[in-house]
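Q: We have chain A already, so just place chain B with the ligand on it with the hints.
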Amino acid sequence: MKVTFPHMGYLWISLKAMLEYLGVEVQEPPPTTKKTLILGSKHAPEFACLPLKLNLGNFMEAAEMGADTILMAGGCGPCRFGYYAQVEYAILQDLGYKYQLVVVEPPEKHISEFLARIRYITGGRPWWQVINAIRFGYIKARVVDDLEKMAQWRRPREIIPGSTDQAFSAALQLIIEARHPRDVPKAQSQGTQIMNQVQVDERKPVVKIGIVGEIYTLLEPFTNLDVERHLGRMGAEVNRSICLSEWINDHLFMGLIKGTRSSKEARRAAPPYLNHFVGGHGQESIGSTVLYAKQGFDGVIQLLPFTCMPEIVAQSILPGVSADLDIPVLTLVVDEQSGEAGTITRLEAFIDLLNRKYQQKEVLA
Amino acid sequence: MKPTVGIPRALLYYEFFPLWNVFLKSLGVSTCVSPCTNKRILANGLKNSVDEACLPIKLAMGHVIELCGKVDYIFLPRIVSVAPREYICPKFLGFPDMVRNAVPNVPKLIDANIDLYHPRSKAQKNLHEIGKLFCSNPMRINRAHKTACHSLISFKKLLQKNILPEEAMEIMACKESAFKNKHCNYDSNGPTIALIGHSYNIYDQHISMDIIGRLKKLGVNVVTAETLPEETIRQGATILPKKLFWTLGQQSIGSAIHFLSDPAISGIILVSSFGCGPDALTGELIERYIHGTRPIPFLKLTLDEHTGEAGVITRLEAFLDMVYWKAG
Ligand code: SF4
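These protein sequence lines map, in sequence, to chains A and B. Residue 311 in the working numbering sits at position 311 of the first sequence, with consecutive numbering throughout. Residue 283 in the working numbering sits at position 283 of the second sequence, with consecutive numbering throughout.
Don't read these hints as lab results, they were simulated from the structure. Source: prediction; values computed, not measured. Built from N, CA and C at the ideal position, the CB exists for glycine as well. Be aware that a few hints might be false.
[Unchecked claim] One-sided and incomplete, this derived list gives chain A residues near chain B with beta-carbon spacing under 8 Å:
1) Cys76
2) Gly82
3) Ala90
4) Asn275
5) Phe277
6) Pro319
Just chain A, with the same shape it has in the complex (with noise of 0.2 Å):
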């Protein structure tokens, strides 16, 4: 047996250690390139959300370095993702991949479901060995979190650039390389070190952009055409309002470690403009956005796949808060034609535009 699933930023480096603490052969698909996405939307159902088709090719190019079972996530609606997974395997059978699938669905009560599906997959390993390697994946996200909340703070201040994501991968690589989790701790203080001598200047103004959006675009780089790595280099401090550590402790775990921000805050933050949740992270999108135009961020950012369903009903809310909090927002809806220099050519424009409203808020101050 040999383990793959789908790319989302970061997520591979989590599963990866879980699976292969518990001695699980794990084949990641290769990283997401434009050769995946042909792969994928050439087989993929026409107007599937971008993130179906790019897992789709995937699995086709993990199965063509061996990997022979799926380990993927479930989902009880409203949103597609819940049915990712059959609607995946439906087509890679009908491709003639030999794929075994396995689905771990959230648990709807009690995380012992979730437990109890990890330790169905490796095949019924003791029970503390099964939570251990969970909380070595877990440590991992978190870790990799705070290397990126510190690259998110240092490429707009940076003085030489592109320091900051040369330290960045290197400080990367030795998360992905601890093999134990009594490794971890000294992978993060050496990462944290080489995140520490990039050169910065602190007093450099910069303007703060908070981004909200579908999970997956999100965290996934290759999707969201880089947009964080672009605004960082236009002078933009950039904070995501989902983070892997944070999604999968909501997810997974049921908001079990406490302490950390959590997506209540932010559904609690929606009303009045979007009153119930409608699936995937649509109220999150507007609760963030409110709690960001609080904070005083200069303004928001949108991601979302093209015929993404929830982000669609927080893209047509998203004028009225944007309009009663004072809060530029821009929406980026990505599919497989987005093309970096068009989406470049928008996000200056709007730095321009948050730096304009930057200067008149110094001036009258």
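A: Quick look at chain B with the ligand alone, frame taken from chain A:
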């Protein structure tokens, strides 16, 4: 003076109007339905929605706008779920909020939740919330609810006799006489085609370019999911590897599977709207299932605001040629 409640002729109107209408009327409210879709309604809907929204949502927006200024309230319940562990579509969950944001000076919205997701939730309780707006006597609300349910049952019975929703409503309004005249339209000797798609697409004459009427004029019998009992549909959908969590998706898949197994059906047309999320997946599953089981003439039509009538007619004709050719 009696308050007037506007009901948009959109979305689940084609499935639940008799229930809503009778319920409201029994509480002493007058109701007003937006007119059949026309160019103006569609244009208003398009103008006031984000580009990315699907056609039915844009259209519903147009119908809401049409009612503005004419009514005291707009009936726009937040339809979360109409069956246990199932949803309609995320956009239904957010629609009242989308309207509030897009339509300035919109009349007061009746946007109570209709949410039967939890197996123990009761439709009656949901309607009670709405009833309380107009009536303080719980007994009277209960009675209104009962009458409304009866009316929905009669409506569904008419639909199962293969009468179109709008006609069924007419029949219910003016009783038997109309029924006799209408009924003789059906059962031609031509082939029978299954038309699968959301009710707000296939029964809206403007949006669907009157596919049903056209087919009938060409001597074809048309059957839809609404002509089947609910159990048949649910039974059909059980072939899926995992229960589908969209009620409308179940309707499409379940009915497609049933029709496919019925030798009297000579072809299947699948209608969906541009940008429909659930259909992107259910349509795919249906198509794969059809290819894998019974090679039957199959046509997939995607409706959008730019669909040209000519193109649709050509494709319908080609499809019918196939049907006749296969029938020998
Ligand atoms: S089910 Fe499809 S057509 Fe209906 S509202 Fe949702 S996305 Fe639009």
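Q: Next, verify each hint and record whether it holds.
A: Evaluation of the provided hints:
no. : hint   : verdict
1   : Cys76  : holds, 6 Å
2   : Gly82  : holds, 6 Å
3   : Ala90  : holds, 6 Å
4   : Asn275 : holds, 6 Å
5   : Phe277 : holds, 7 Å
6   : Pro319 : holds, 7 Å
Checked against the numbered hints given earlier, this structure breaks none of them.
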